[in-house]
Structures are given as structure tokens and as C-alpha cells.
Amino acid sequence: MTVQLLYFAWVREKIGRSGESLELPPGIVTVADLVRWLSARGPEYAEAFARPDLVRAALDQSHVKPETPLGRVREIAFFPPVTGG
Amino acid sequence: MTVQLLYFAWVREKIGRSGESLELPPGIVTVADLVRWLSARGPEYAEAFARPDLVRAALDQSHVKPETPLGRVREIAFFPPVTGG
Amino acid sequence: MTIRVQAEDFDVGAEVRQLTAGNTDIGAVVTFTGTVRGAAKGRPIVSMTLEHYPGMTEAELARVESEAHGRWPLDATLIVHRYGELRPGDNIVLVIAASRHRHAAFEAAEFLMDYLKSSAPFWKKETTADGVGRWVDARETDLAALARWNLQGHSRSRAAE
Amino acid sequence: MTIRVQAEDFDVGAEVRQLTAGNTDIGAVVTFTGTVRGAAKGRPIVSMTLEHYPGMTEAELARVESEAHGRWPLDATLIVHRYGELRPGDNIVLVIAASRHRHAAFEAAEFLMDYLKSSAPFWKKETTADGVGRWVDARETDLAALARWNLQGHSRSRAAE
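Note that the protein sequences, when read in sequence, are chains A, B, C and D. All residue numbers for the first sequence refer to the numbering used here, where the first residue is 143 and numbers rise by one. All residue numbers for the second sequence refer to the numbering used here, where the first residue is 143 and numbers rise by one. All residue numbers for the third sequence refer to the numbering used here, where the first residue is 8 and numbers rise by one. All residue numbers for the fourth sequence refer to the numbering used here, where the first residue is 8 and numbers rise by one.
Fair warning: there could be bad hints in the mix.
Once the Cα atoms are required to be at most 20 Å apart in a straight line, the calculated EDC-like pairs of lysine to aspartate or glutamate come out as [unchecked claim]:
no.	chain 1	residue 1	chain 2	residue 2
1	A	K156	D	D144
2	D	K132	D	D97
3	B	K156	C	E58
4	D	K132	D	E114
5	D	K132	D	E15
6	A	K207	D	E114
7	C	K48	C	D149
8	D	K132	D	D144
9	C	K132	B	E155
10	A	K156	D	E58
11	B	K156	B	E186
12	D	K48	D	D149
13	B	K156	C	D32
14	D	K48	C	D32
Bear in mind the hints are in silico, worked out from the structure with no lab data behind them.
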């Protein structure tokens, strides 16, 4: 499955890019699975996800929890807790 | 004792004037005493004070209760419950 | 801390700019604008006349404002209240509360409105299309709103007998 | 019901006029303006940069606004949020709630702010005079503020693991 990944704020800065298109291997079912797989891709990812409790996720632009299944998602975003307003 | 009386809103309309200077006889101690004395001055006053629970008073521009003594007041105002804002 | 009682209209944006100019400690500005509604109890109105008690009005608004500053950390406040003859849609009252904390700004603005509605000596008369003018009744809900704030000394404002 | 995400500044007075024009059912208009403070934790800042997630931002703000309309009798609402590089004193966010009831307008405006602060995908970076930029931490008090409103489904917005 090919998905579009987006990174914002310090997640973007640590990973060093604002997004990328990735082919996910089978076995990645939930958001948490994806975080673990990404963390193993290199030190920049490992650092971005070092404190997973500080990283939020959105599937197709909706907030989700770690245990949410990816399903047939097209766009996945990772970012810190929001600080607007 | 001479006092300046002021009337507002429908109290003013019922009494037919916006204010007057009156010499109060001895024995008028509280705001309630004054209301009773005024009510006896004529039908327009009687009608204005017919429902004393609907008339508020201020002594020298401060809200007061019926039992408040007039003291050495100079200006006494009577008006309906306020409806600004 | 500023209060104004005036016949003229006001501009919310201009008042906010003037009140907060040069103060970068402020992070939150809440405004309340009260306007003349086009109908009263289902009857269309053509105008609303606001009578007030000059002198006491300013004194009460200043007291209301001072009470708010004693309760919340406010950087600036403004109360503007109009009098005279107004039309549906016209502005009646403006309250602004500026603080570094947004909840303080919200609470103070709501307090200023609840308190001034029950204490500032203004009276509204609504005129309907038939030319009849009716004095607006004080609303029980306004007194209930005030009770939330546990104001001491306000029970002085009661019936005259 | 209108939302805007923009780099440009806004004028509170002009936005209120535009939002309420021609509607004389409205009697109460509450606005909240959030501005850039000149210091963060005692350090003066020279600029604040707001990053956002285009698309999701608009969707979240629309959801927040729709939730408010489901809870209060509102005649009109507006949310404007800026992004890009801002300076101390600059406007960040504007929320307007217009209703025939003043408490509905106050509560809805405060709800809109509490909710958007916890759900709209914006991130603030503050730059101090030494040129160092720091991402602003999410505040526990903002989550506590949100808890007051008993939002269902919002627990979906949690940690990614």
C-alpha cells in the first residue's frame, strides 16, 4: 500500500522533510505499527518518534489514536500537540 | 430638610415631572417613610408608588434599600428596576 | 480603565486598537456588543429610547469596572454605553476586557455585562409601529445571572419599600 | 458560519459589521481576539511563526464551528486564524459568536476558542532576540479547559502510541 506521509512542526524538523510517499509492507495495521516501522528507518525517524506520547497522528485529515487501523487511508500526518489559537 | 428629588422612566411619567425640590417634614427617617409621605401628596404620586416593590431608590447616586435612613442626603432618586446593557 | 456614556455610536475595532495599543503583555481581548433587536415579544419595534441618570450612571459603571479589576488580572477594560433614541440593529453597549489570560478576559467581560445590567441606571423604552411606547421590564434572568458572581453589598439595590 | 485561514491581518469591527449586517434578531455579539505576546516565559520574543496543516485546518475549524451551533442558539459565527510570521502585538485568531442571548454568545465564543486550541492543527514557534526558535509546548491548562465541555469523540485526538 502506498501512502502519503506528512510531517509538521518539530516532527518535520527532526525528520528533515515535510512529507514523502512510502510503500508500506504488509503487517502494518495500526498507527502505532506504522510509528514503530518508521522509527526503524533511520536515526532522524528514531529521534522524531523517541517520545511517541508527544506525537499526534491524523488519517486523511482526522485526528486518530495509536490503535486506530490505517484501513484504506491515503494521507497520514504526524505532528506535535497543536498550539494554535 | 430640603432635598432634591429625581424621577426616571415610568416613575417620571406617572408623577409628571423629572424632579422637584421639596421640604421634608420632621419624622421622615427612612426611604420607606419618604415613599409613604410622597404617596399621600396626590393621585399621580399614589399611582407611581402603587407597587413599591417595583420602585428602586438611590441616595446621592448610590442604590439603597427601603429601610435605609435618609441621613443628610441632598439628592434622592426614584426609578424602576434598571434595564440597560 | 475607561468608561464612556454617550449618544454617539462606537466602532468595536477602533476601540480595541486604542485600548490595547502599545501593550504587548496582552494576549487575549474579549468584547461584548449589545444591539437593538428588531422585535420585542414578537412585535416589531421602530425605535428604542434609552434614558439614564447622568452622574450616577458614570459612578455605577466605574464601580462595576473597579470590581472586575479586583477579581481578575486585567490589563485594560472599557465600558461604553449609549443613550438617546436608537434603531433596530444599532449598538447599545460595548464592553472590552483585555488580559494575558483568555479565561480571565472572558469571565471579566461577562461579569461586567451581568453587573452593569443590574446596577447601571439605564431604562429602555421600545416604540412599536403603532407609535405606542412601552418600558422594558427588568428580567428575572438578569438577576439570576448576577447571583452567580456572589456580589457582596449588591443587595442594597432592592425595592424602595 | 464562516471560517478563514489566512496570512493577512483582520479588523474586528469590520468583521462584526459584515457578520451581523441586516440581521436585527441578533442582540449580543461576543468577539475573542488572540494576539502575540511580547515575551515567552520571561524572554522577549521578536517573532512568532505559525505553521499549519492546510486542508485539515479548515476541516477542523468547520467541525468546531458546527459543534457550537449544535449546542447554542447562534445566529452567526466566524473563525479567522492567521498563519505565517507574526510580530508581538499582531493578531493571531478571531472568534465571533452572535446570538439573541448574551450568555449563549459568551459561552459559544469561549467554547470555540477552547476547542480550536486543542484540535486545529496549528503550531507556534517563537524566535527570541538571539535568533533561536523554540516550538511552543501544548499547555495542560488548555486540555483542562476543554474537559469542561464534555466533548465526546475528542479523545480520538491522543498520543500516536
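A quick look at each hint next to the structure:
1. Note on A/K156 and D/D144: the hinted pairing holds, with a Cα-Cα distance of about 16 Å set against a maximum of 20 Å.
2. For the hint pairing D/K132 with D/D97, the CA-to-CA distance comes to about 15 Å; that is within 20 Å, so the pair holds.
3. Taking the CA atoms of B/K156 and C/E58, the gap is about 15 Å. The hint holds against a cut of 20 Å.
4. Restraint check for D/K132 and D/E114: the C-alpha separation of about 29 Å exceeds 20 Å, so the hint is violated.
5. Only pairs whose Cα atoms come within 20 Å are accepted, and D/K132 paired with D/E15 is accepted, the gap being roughly 18 Å.
6. With a C-alpha separation of about 29 Å, the suggested pair A/K207 and D/E114 falls outside the 20 Å cut-off, and the hint is violated.
7. Restraint check: the Cα-Cα separation between C/K48 and C/D149 comes to about 17 Å, which is no more than 20 Å; the hinted pair holds.
8. Simply put, D/K132 and D/D144 have alpha-carbon atoms about 9 Å apart, close enough for the 20 Å limit, and the pair holds.
9. Straight-line distance between C-alpha atoms of C/K132 and B/E155 comes to about 12 Å, which keeps the hinted pair within the 20 Å bound.
10. Restraint check for A/K156 and D/E58: satisfied, since their Cα atoms lie roughly 15 Å apart, inside the 20 Å limit.
11. In summary, the hint linking B/K156 to B/E186 is supported, as the alpha carbons are separated by about 6 Å, within the 20 Å threshold.
12. Annotation: proposed proximity of D/K48 to D/D149 holds, straight-line Cα distance about 17 Å (limit 20 Å).
13. With a CA separation close to 52 Å, the supplied pair B/K156 and C/D32 exceeds the 20 Å bound.
14. The straight-line distance between the Cα atoms of D/K48 and C/D32 is roughly 12 Å, inside the 20 Å bound, and the hint therefore holds.
Of the numbered hints given earlier, the model fails hints 4, 6, 13; all others are met.
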